[in-house]
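Model the full structure from these sequences, guided by the hints.
Sequences listed follow chains D and X, in order.
Residue 1 is where the first sequence starts when you use full-length UniProt numbering, and the numbers rise one by one after that.
Residue 1 is where the second sequence starts when you use full-length UniProt numbering, and the numbers rise one by one after that.
It cannot be assumed that every hint is accurate.
Note that identical chains are pooled: a pair holds if it fits in a single copy or bridges any two copies.
Below are the EDC-like pairs computed for lysine to aspartate or glutamate, each with C-alpha atoms no more than 16 Å apart in a straight line [claimed, not checked]:
| hint | residue 1 | residue 2 |
| --- | --- | --- |
| 1 | K106 | D16 |
| 2 | K93 | D62 |
| 3 | K84 | E101 |
| 4 | K31 | D63 |
| 5 | K104 | D63 |
| 6 | K84 | E100 |
| 7 | K104 | D62 |
| 8 | K104 | D16 |
| 9 | K84 | D62 |
| 10 | K6 | D62 |
| 11 | K86 | E101 |
Calculated from the structure, these hints are not laboratory results.
These are the residues of each chain, in order.
Number of protein chains: 2
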Amino acid sequence: MTENKKYCCPVAAAIDEIGGKWKPLILWALKDQTLRFSEINRELPAITQRMLTKQLRELERDDLVNRKVYAEVPPKVEYSLTAKGKSVIPILKLLCDWGEEYCKSKICLNVLE
Amino acid sequence: MTENKKYCCPVAAAIDEIGGKWKPLILWALKDQTLRFSEINRELPAITQRMLTKQLRELERDDLVNRKVYAEVPPKVEYSLTAKGKSVIPILKLLCDWGEEYCKSKICLNVLE
DNA sequence: CCGTATCCCATGAGATACTG
DNA sequence: CAGTATCTCATGGGATACGG
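Quick look at the structure:
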C-alpha cells in the first residue's frame, strides 16, 4: 500500500495494490456502477468512514478508481472504476466463485462484515 | 485468518483464507512441487521462520496445504497443495498476469521481498 | 454529504536467540 | 532441520467527535 516499494514477484506487487480487507470489496461494489461515497458505505456497512476514505485514496493513487468531485453544496463525489480497475474484476469474479464453493460454511447473509 | 468468523460476501471469505502478504506467495511456490520447510524459505527469502510457520499452520487448518512429517533425525517435513489448494492456482495465475501487466514499475528482479 | 482529527487496540511482521 | 520463544515496532483498523 505504500509508495515506491519494489517486489520480486508480480503476485506480491498485485497483492499490494488490490489486496487487504477492503479494497477487493470496494472494487467489487463499483464493478458495474458509479457510486457516491455514502452509497459505497451503504454497500459495505461494516467499514468506517475513516477506512473508506483511506482505501479510496490509495485506489485513486494507484489509478484503480476515478474520483469526481462536483462543486455543489452539499458536496457530491462520485467514484468509478478506471480501465485498470475494470481489469481486476475478472480476478474478483473468480475469487467470488471460489469463495462460494470452498468457504460456504463461513458465509452468512445475515451478518455484517 | 481467525476461526469461526462469518462473512456476508464470498469475496471477503476468500480473502480471509488466501489473502495477506505471504499466503499467495506460499501457495504459488507450491503450485507444482512438494517442498520442505527450508525449501519454501529459500524461495521466499524475505519471510522469517516465525511467519512461515504461522502461515503454514493457517493454510493447513483451512485445508489448503498438506503437512507430512517424516519420523527421521534430522526432521523432515514436506508441504504440498491439497485439492482445495490447487483450486486457487488459476486465480493466482490471473493475479500474476495482472501484476506483470499493470505493476511493471514496482517489479524488480534483483530485490528481495 | 463527505470527509478530518484523535485516540486506541489488535494483529502483522521483523530480529534474534534457542532447542529436540 | 524445523521449528519455539521473546521482544519489539509498524500498520490496519475501530470508535467517536467534529467541520466545511
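For each hint, the structure was consulted:
When the C-alpha separation of K106 and D16 is checked against a cutoff of 16 Å, the pair qualifies only between copies, where the shortest distance is 10 Å, while the shortest distance within a copy is 25 Å. In this homomeric assembly, K93 and D62 never come within 16 Å of each other (Cα to Cα): the closest approach is 21 Å inside a single copy and 21 Å across copies. Taking CA atoms no more than 16 Å apart as the test, K84 paired with E101 passes between copies only; the shortest distance there is 10 Å, against 27 Å inside one copy. Only within a single protomer do K31 and D63 lie at most 16 Å apart by alpha-carbon distance; the minimum there is 15 Å, versus 30 Å between protomers.
In this assembly of identical chains, the alpha carbons of K104 and D63 lie at most 16 Å apart only when taken from different copies (14 Å versus 33 Å within one copy). Proximity of K84 to E100 under the C-alpha cut-off of 16 Å is restricted to the inter-copy arrangement: shortest distance 13 Å between copies versus 25 Å within a copy. Only between protomers do K104 and D62 lie at most 16 Å apart by alpha-carbon distance; the minimum there is 13 Å, versus 32 Å within a single protomer. In the homo-oligomer, the alpha carbons of K104 and D16 lie at most 16 Å apart only across protomers (13 Å), although the nearest pairing inside one protomer, at 27 Å, exceeds that limit.
Taking identical chains as interchangeable, the C-alpha atoms of K84 and D62 lie at most 16 Å apart only when both belong to the same chain, with a minimum of 9 Å there against 32 Å between chains. In the homo-oligomer, the alpha carbons of K6 and D62 lie at most 16 Å apart inside one protomer (14 Å), although the nearest pairing across protomers, at 30 Å, exceeds that limit. In the homo-oligomer, the alpha carbons of K86 and E101 lie at most 16 Å apart only across protomers (14 Å), although the nearest pairing inside one protomer, at 24 Å, exceeds that limit.
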